[in-house]
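Line by line, the protein sequences are chains B and G.
The UniProt record's numbering applies: residue 1 is where the first sequence begins, and numbers increase by one.
The UniProt record's numbering applies: residue 1 is where the second sequence begins, and numbers increase by one.
FYI, nobody ran anything at the bench for these hints, they're computed from the structure.
Any given hint could turn out to be false.
Have a look at the derived ranges for each label pair, beta carbon to beta carbon [what the hints assert, rightly or not]:
id	chain 1	residue 1	chain 2	residue 2	range
1	G	G23	B	R31	48 to 54 angstroms
2	G	P180	B	N3	52 to 58 angstroms
3	G	P18	B	A29	30 to 36 angstroms
4	G	V20	B	P15	50 to 56 angstroms
5	G	R76	B	T30	16 to 22 angstroms
6	B	L2	G	D137	23 to 29 angstroms
C-beta atoms are modelled at their ideal positions from N, C-alpha and C, and glycine is treated no differently.
Chain by chain, the residues run as shown.
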Amino acid sequence: MLNVIVNGENREIAPGSTVADVVRSLTEATRGVAVAVNDEVVPRTGWSGRHVTDHDRVDVLTAVQGG
Amino acid sequence: MTTAPAHAETAPAADHDPLVIAGEPFGSRLIMGTGGAPSLSVLGDALVASGTEMTTVAMRRVAPGADGSVWDVLERNGIRPLPNTAGCFTAAEALRTARLAREALDTSWVKLEVVADERTLLPDPVETLDAAEQLVDDGFTVLPYTNDDPILARRLEQAGCAAVMPLGAPIGSGLGIRNPHAIELIVADAGVPVILDAGIGTASEAALAMELGCDAVLLATAVTRAKDPVRMAGAMRAAVAAGRSARLAGRIPVRRYAHASSPAADQ
Numbered sequence: 001m002l003n004v005i006v007n008g009e010n011r012e013i014a015p016g017s018t019v020a021d022v023v024r025s026l027t028e029a030t031r032g033v034a035v036a037v038n039d040e041v042v043p044r045t046g047w048s049g050r051h052v053t054d055h056d057r058v059d060v061l062t063a064v065q066g067g
Numbered sequence: 001m002t003t004a005p006a007h008a009e010t011a012p013a014a015d016h017d018p019l020v021i022a023g024e025p026f027g028s029r030l031i032m033g034t035g036g037a038p039s040l041s042v043l044g045d046a047l048v049a050s051g052t053e054m055t056t057v058a059m060r061r062v063a064p065g066a067d068g069s070v071w072d073v074l075e076r077n078g079i080r081p082l083p084n085t086a087g088c089f090t091a092a093e094a095l096r097t098a099r100l101a102r103e104a105l106d107t108s109w110v111k112l113e114v115v116a117d118e119r120t121l122l123p124d125p126v127e128t129l130d131a132a133e134q135l136v137d138d139g140f141t142v143l144p145y146t147n148d149d150p151i152l153a154r155r156l157e158q159a160g161c162a163a164v165m166p167l168g169a170p171i172g173s174g175l176g177i178r179n180p181h182a183i184e185l186i187v188a189d190a191g192v193p194v195i196l197d198a199g200i201g202t203a204s205e206a207a208l209a210m211e212l213g214c215d216a217v218l219l220a221t222a223v224t225r226a227k228d229p230v231r232m233a234g235a236m237r238a239a240v241a242a243g244r245s246a247r248l249a250g251r252i253p254v255r256r257y258a259h260a261s262s263p264a265a266d267q
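Based on the provided sequences and hints, a complete structural model is requested.
Okay, structure coming up:
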C-alpha cells in the first residue's frame, strides 16, 4: 500500500491509484472541485492519468460559503 | 412625428448604468458574499432578493458527506462565482488558492484577500501587493481587498488590478465606513472601479458608500447574519441603487445657515 496524505489526513491507498480515484473516494462531484498534489494544481483533464506515489500530499478543494 | 422628451437624451444613464469591471458589464452594483448564512436555502433566497450578479465563495478542502453546495445555489440562480483567497496569510498561499479556484470554477477572476492576523482580519498590504503583481502576471483578473489607504489603492491599480476594494471597517464588524474621507480620496484617484468591501452593517451605510462615489458595494455578514436575511438583502439592493442615483444626481452643497426654499413672504 501507499502512504499518502489526503486533505491533511494519513491514508493508505492501493498502488496504481490515480488522482481521479482519490477524488472519487471523497466526493461524487467533479465540477467545482480542484486538486493539488504536493501544492501543484493538477488540471481536471489530468486526474485519471496521474498516479499517486508514496508520501504524496493530495489536496481536494471545493467552493464553500465564504467572503 | 413625435419627439422624445428632452430629458430622455440628456440623462440616459438613469436606465442604463452598468458597472463595468475588466470590460464586463454588470447590471447590479451589489456584489454579495456567502459567508454566515444559516442555510443554503436562506442564502439562495437572499441572493435573489439582493439582485446580485456576482457572489464570492471560498475554497476549502472537501468534507466527505457534505450535503448541497454553494456552487449549486449560484448556478441555479445564474449568479457568477467570484472565488476569494480568504484564509490566506501570505502571497504564496493566495497564489495557490487562486490557481485551485481557477481550476475548480473555470474563472480567472479572483477576489484577492491576504489578511495579517485572525483577530483583526485586516489586509496585509505588503503581501497583498506582492500577490496582486504575481496573479496579474499569471493572467488573473484581480480584485484586491485592501485597506482604506489611497496610496496602496494606487499601487494596486498600477500593478494591473481590475478594481480596488477598500474596507469601510473590519470584516464582519458592522462598523460602517470609518474613514469616508479616505474612501473619497481613493475614488477621486482611481481609474478602475472602487468597490467598498467589508464593514457595512446596514442599508444607510451601503447608500453612503455609493454617495461617496464608490462604483459598487461588496457585503455578506450584514445580510447573512441579519434577523431576516432576505428582507435585508432587499434593503441593500434598494440602498445601493438609491446611493448611486444620489451620486449621479449631484447633492446640494452643505451650508452653515438656512437657505429658504419658499419665496419670501412679501413677493
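Structure-based check of each hint:
1. G:G23 / B:R31: 48 to 54 angstroms: violated, 26 angstroms
2. G:P180 / B:N3: 52 to 58 angstroms: holds, 56 angstroms
3. G:P18 / B:A29: 30 to 36 angstroms: Given a distance of about 33 angstroms, which is inside 30 to 36 angstroms, the answer is holds.
4. G:V20 / B:P15: 50 to 56 angstroms: Hint holds: Cβ distance 53 angstroms, inside 50 to 56 angstroms.
5. G:R76 / B:T30: 16 to 22 angstroms: holds, 18 angstroms
6. B:L2 / G:D137: 23 to 29 angstroms: Given a distance of about 36 angstroms, which is not inside 23 to 29 angstroms, the answer is violated.
Against the hints set out earlier in the document, violations occur for numbers 1, 6.
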